[in-house]
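Participant: Given chain A, put chain B with the ligands in place with the hints provided.
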Amino acid sequence: MAEKIQVPTMAQMAASGEVPEILFWVGCAGSFDDRAKKITKAIVRILHHCGVKYAVLGAEESCTGDPAKRAGNEFLYQMQAMQNIQVLNGYEIKKIVTGCPHCFNIMKNEYPELGGTYEVVHHTQLINDLMKEGRLQVKDGGSFKGKRITFHDPCYLGRANDVYEAPRKALEQLDSELVEMKRCKSKGLCCGAGGAQMFKEAEPGNKEVNVERTEDALEVSPNVIATGCPFCNTMMTDGVKNFEKESEIEVKDVAELIAEAADLI
Amino acid sequence: MIAQILFILVLAAGIFLFARRIREIRRNIGLGRSEERSDQAGKRLKVMTLVALGQSKMVTRPVAGLMHILIYVGFIIINIEVLEILIDGVTGHHRIFASMGMGSLYDVLIASFEVLAAGVLLACVVFLIRRNLMNIRRFHAAEMTSWPKSDANIILVVEILLMFAFLSMNATDSILQDRVAEMQENNEPVSEALSHYIDAGSFPVSDAFFRPMFEGIESNATLMNVERFMWWFHIVGILAFLVYVPYSKHFHIFMAFPNTWYSKLDAIGKASNLKSVTNEVKLMLDPNADPFAAPAPDPNADPIKFGAKDVQDLSWKQLFDAYTCTECGRCTSVCPANQTGKLLSPRKIMMDTRDRLEEAGEDLDESGNVKTDGKTLLRDYISEEELWACTTCNACVDACPVNIDPVSIIIDLRRHLIMEESKSPESITAMFNNVENNGAPWAFPAADRGKWAEEMEA
Ligand code: SF4
Ligand code: SF4
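If you read the protein sequences in the order shown, they are chains A and B. Just so we're aligned, residue 1 is where the first sequence starts under our numbering, counting upward by one. Just so we're aligned, residue 1 is where the second sequence starts under our numbering, counting upward by one.
It is worth saying that the hints were derived from the structure and are not from the lab. Predicted, not measured: the structure shown is a model, and the values here were computed from it. We put the beta carbon where it would ideally sit given N, CA and C, even for glycine. It is possible that part of the hints are untrue.
As the list claims (entries may be wrong) - Derived DEER-like restraints, expressed as beta-carbon distance ranges:
#, chain 1, residue 1, chain 2, residue 2, range
1, A, Q12, B, N433, 27 to 37 Å
2, B, T60, A, V179, 19 to 29 Å
3, A, V220, B, N433, 38 to 48 Å
4, B, L50, A, R35, 40 to 50 Å
5, B, L133, A, E215, 44 to 54 Å
Said to hold, decoys possible - The calculated lysine-lysine pairs, modelled on DSS-like cross-linking and capped at a C-alpha distance of 30 Å, are:
#, chain 1, residue 1, chain 2, residue 2
6, B, K375, A, K94
7, A, K187, B, K264
8, A, K187, B, K149
9, A, K200, B, K305
10, A, K200, B, K423
11, A, K147, A, K95
12, A, K182, B, K264
13, B, K43, A, K187
Unchecked claim - So these bits of chain B aren't anywhere near chain A, every CB distance computed over 12 Å:
#, residue
14, A3
15, K43
16, G54
17, A64
18, A111
19, K149
20, Q184
21, S219
22, P246
23, S263
24, W316
25, D363
26, V370
27, T372
28, T391
29, V435
Chain B extracted, bound-state conformation:
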């Protein structure tokens, strides 16, 4: 009974902390501008199924891609086991699914969890080695400072520990099951506590590799304590993981789904047209426009701003992208600017956006306003030099396994620089002047535009 109450308290605390963090993230994302991304449900479902569920963009790098799929499938399927553990914990049962008349299906389930757990364990060890011992450039870039590096390692170590606990729990359970069965055969009395260990499940992995570690324990009471310890360690670990994940790059395990659902469905090359600019340009070009005929501006509407200086000038989807980013660096590793030693890294653009948004959120908590710290995404996080290195080639967008679009943020920050601050490299200003005056980015007279045709010499 005490164990049940304790369990319910721990579970409630885990869910509460998780829910509080999700609310905070939702509120932060809500700071962004509106953007329509809810049309064409059928197409969105297809993209989500392919990219998030099917991980179609992961397998372009086969080694990491396949191991990632292993961890992912393991994660999803082992959740069925977690469900059983949760019900057991609340109701005080042991392996409740087995007593629900699943028959040999239960054996198959448990056996497959075991195989998956072993796979996850292995993949996590390989990932740890890849990340820390092998010289893979994308894991050691400038933006991979101590926190992002430890974040990645923490998760891998925790996953290894969880799988270790899970398999140890099964191994001790398996021993106890055998001992109880033997006692029953010999008509020896079985204590109430021991009688929980009914014959249930099949344990191919833990029997082979973990059982030998525990078989030496003679006392059933000690063995039960070990089994309980592993059970508690595993489930509390999972709840801790749940609370930790939304503070971490691992939040992508949830965010990948909605983020790909809300993907841009147009051609990759299409950049947004700013509506606020369209309205002004139409007025400017219309000789009959009567400036007084325009409806009075809505006093409650935000003042029109062009481009983005800080996170709340970005759209909610761009902020959503930031919380989805897994910091994998696939974008940066294909970025032409980054590969040629420029300061720009599209991964850093996403990490900066998230960091600044988190900071703005804290500011909002403390003072009810996001502006009090005087910091902005532009300059305090992302420098002009980074912005001007982008060729808008969209390689980063193509490479991102969860359909994040760093280029749109780069363009929006450039828009602010140009349209709000009139700040651009000199040669860019000259190019603007040429386009405006000559209708071409170079200083040739517009009237000469057709001249080449006169040179269609024989």
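The following block holds chain A by itself, in its conformation from the complex:
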């Protein structure tokens, strides 16, 4: 069961001359948003449980610059990016795992040209790898056995970077019924948060994007809507509330589902 975990920071590791296997890039939502912090903690419990030698940057981490860049503020983005790259290169980071597809995309695709080249993986990929290696096991599907789960593809994980299988493979281990929405994978509909929309009111229209997407999910009557992005999580949670279905449908990150099923939470 849950235990108190000391989360190592890079500064501590470096001070004791240690080098982590992987850096856990937490991201802004994962650091500050109350709902997303739970996802962060689930990821940490998995890393800890599997004996992965990891570290976080703590207060040395800063926004990757994604919301600024997508909103058109290339200056602010590059300022953020260069500072982050300085820190990461200073610690000679080679491999990064992150719980946020926006951080994942920008570090994987856009940081290299600015001098920051790392192997970047999304947490669902790492979880899938750990399961394949047998380091992470879910006995008998855990508490989600037989439940209907539908996975909402985050745009910046799926369409943007072609990662569709890892989260699904991980979810299959839950021994639940994985159902696909009619728009899924490369045709998946956005939750409405990307491109800095998360931080502004929607433009005038006749519907919210997250409501449209929640309708897709409701059509397949799931018990759980699985996500892989803290922003999608917020959007889908709000969408489910909009239909007053929160007592029937849970919105949870893949990391939370796996950690819970593996008795880590």
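Facilitator: Frame of chain A, contents of chain B with the ligands only:
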């Protein structure tokens, strides 16, 4: 002889007008900024073969996709027939390929052209019905004003007429061939004009459906006139089509190939890093930077501008995209913003870019300058409201059958708004301030970033 001279004149006029228009388009595309898209030829060839030649992204909608492939294959193969007609027209021959000793291969060729022509005819009729009678949302959006709608219909009607003329030409030819053969069998004299109609080709479609319409014509002279009329109508129609196409969304039949060749090869999610910004940010962050050590700016270089306000601030590839767009609306039909009633339509972004570029080109013709009309792509064509509705989800990029990237234009226009005009919705400005001051888009103190770890309670 007169017919040959006339034909050469018509052909020359068609080629001249087409070439002039292509030059104009090349010049307009050349107004854009430079962008490197010529590396990795092998990969580019693969993308072009798959997406343009193989139409891999069309078949995601099977009905329209398969019929489109039919028209496309018909178009390409029937061009062999057009080549014969062109040579015939210039040299005064009739069905020159048949007299070149192709034997039964010629029959097979003509028969397959006929089948394809019938297929194209059918597909065009279905497309006309889909477009005008069925309620398919993407064909009736706000940006589908009268010109784009008629453009689509004009082409379909012209294609139907061309195929009709082609099959009628074959039908009358087939009748004449039979009559000439019969006369020769009976040792009747055959006039010089009639003797052109040698026994050549096999006409399964026109014999079955078109021949009955013309068989009643007793006079061989009249029948020859009908055959000639259809021949001329068909070939002049094709030349007119050639001239019309580069003014139309149908230009994609040529542009799809180079446009997919020059596709972005990186992950869809990768947005460009502005180099001009990188240089400035490096100077700002480098404590040892000596501002005077920087090389003197090249006086001939364009002043550095961030983002795009008008078409010449976009890259040539973005302008190339605009001329390639077929206005099919697949992008808009998957756009989350558009589906929820927002003003944004990625198809309109592309159509606006092309319209504005055409206008800038006209301006350049008249005054030698693209700026005299005072209009810009931003605001005169694309509003801020449209730009701010985009979630950068890239669904439009994924859906586009010819690999057009509307999002990069949206981001470049946003870049101009932010970096040149400091204009953004209030909440976005607040987000920028937070990122700058707290290293996060919300107003939490940066020092608290690691706090969650203290809450890893048992
Ligand atoms: S990226 Fe923007 S324009 Fe394209 S589909 Fe998504 S919201 Fe629409
Ligand atoms: S951008 Fe592509 S998908 Fe959109 S209308 Fe043009 S051709 Fe069609």
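Participant: Are L133(B) and E215(A) spaced within 44 to 54 Å by their CB atoms?
Facilitator: violated, 29 Å
Participant: Mind verifying the non-interface call on D363(B)? Its CB should be farther than 12 Å from each CB in chain A.
Facilitator: D363(B) is indeed farther than 12 Å from all Cβ atoms of chain A, at 27 Å.
Participant: Examine each Cβ of chain A, and state whether all of them lie more than 12 Å from the Cβ of Q184(B).
Facilitator: Holds: least Cβ distance 63 Å, greater than 12 Å.
Participant: Grab the minimum beta-carbon distance between S263(B) and chain A and tell me whether it stays above 12 Å.
Facilitator: Check passes; 15 Å lies beyond 12 Å.
Participant: Between V220(A) and N433(B), does the C-beta distance stay in 38 to 48 Å?
Facilitator: Holds: the Cβ-Cβ distance is about 41 Å, inside 38 to 48 Å.
Participant: Beyond 12 Å from chain A, beta-carbon-wise, is A111(B)?
Facilitator: With a cut-off of 12 Å, A111(B) remains clear of chain A, as the shortest Cβ separation is near 40 Å.
Participant: A cut-off of 12 Å on Cβ-Cβ distance, and V370(B) was said to be off the interface with chain A. Does that hold?
Facilitator: holds, 23 Å
Participant: Against the 30 Å threshold, does the CA-CA distance of K182(A) and K264(B) hold or violate the hint?
Facilitator: holds, 28 Å
Participant: Over 12 Å from every CB of chain A: does V435(B) meet that, or does the non-interface label fail?
Facilitator: The assertion about V435(B) is violated, with a minimum of 5 Å to chain A.
Participant: Verify the proposed pairing of K375(B) with K94(A), using a straight-line Cα cut of 30 Å.
Facilitator: violated, 49 Å
Participant: Take a quick look at S219(B) and tell me if its Cβ sits farther than 12 Å from every Cβ on chain A, holds or violated.
Facilitator: holds, 61 Å
Participant: Holds or violated: are the alpha carbons of K200(A) and K423(B) at most 30 Å from each other?
Facilitator: Holds, because 14 Å separates the two Cα atoms, which is no more than 30 Å.
When the structure is compared with the earlier hints, violations turn up for hints 5, 6, 11, 28, 29 and for no others.
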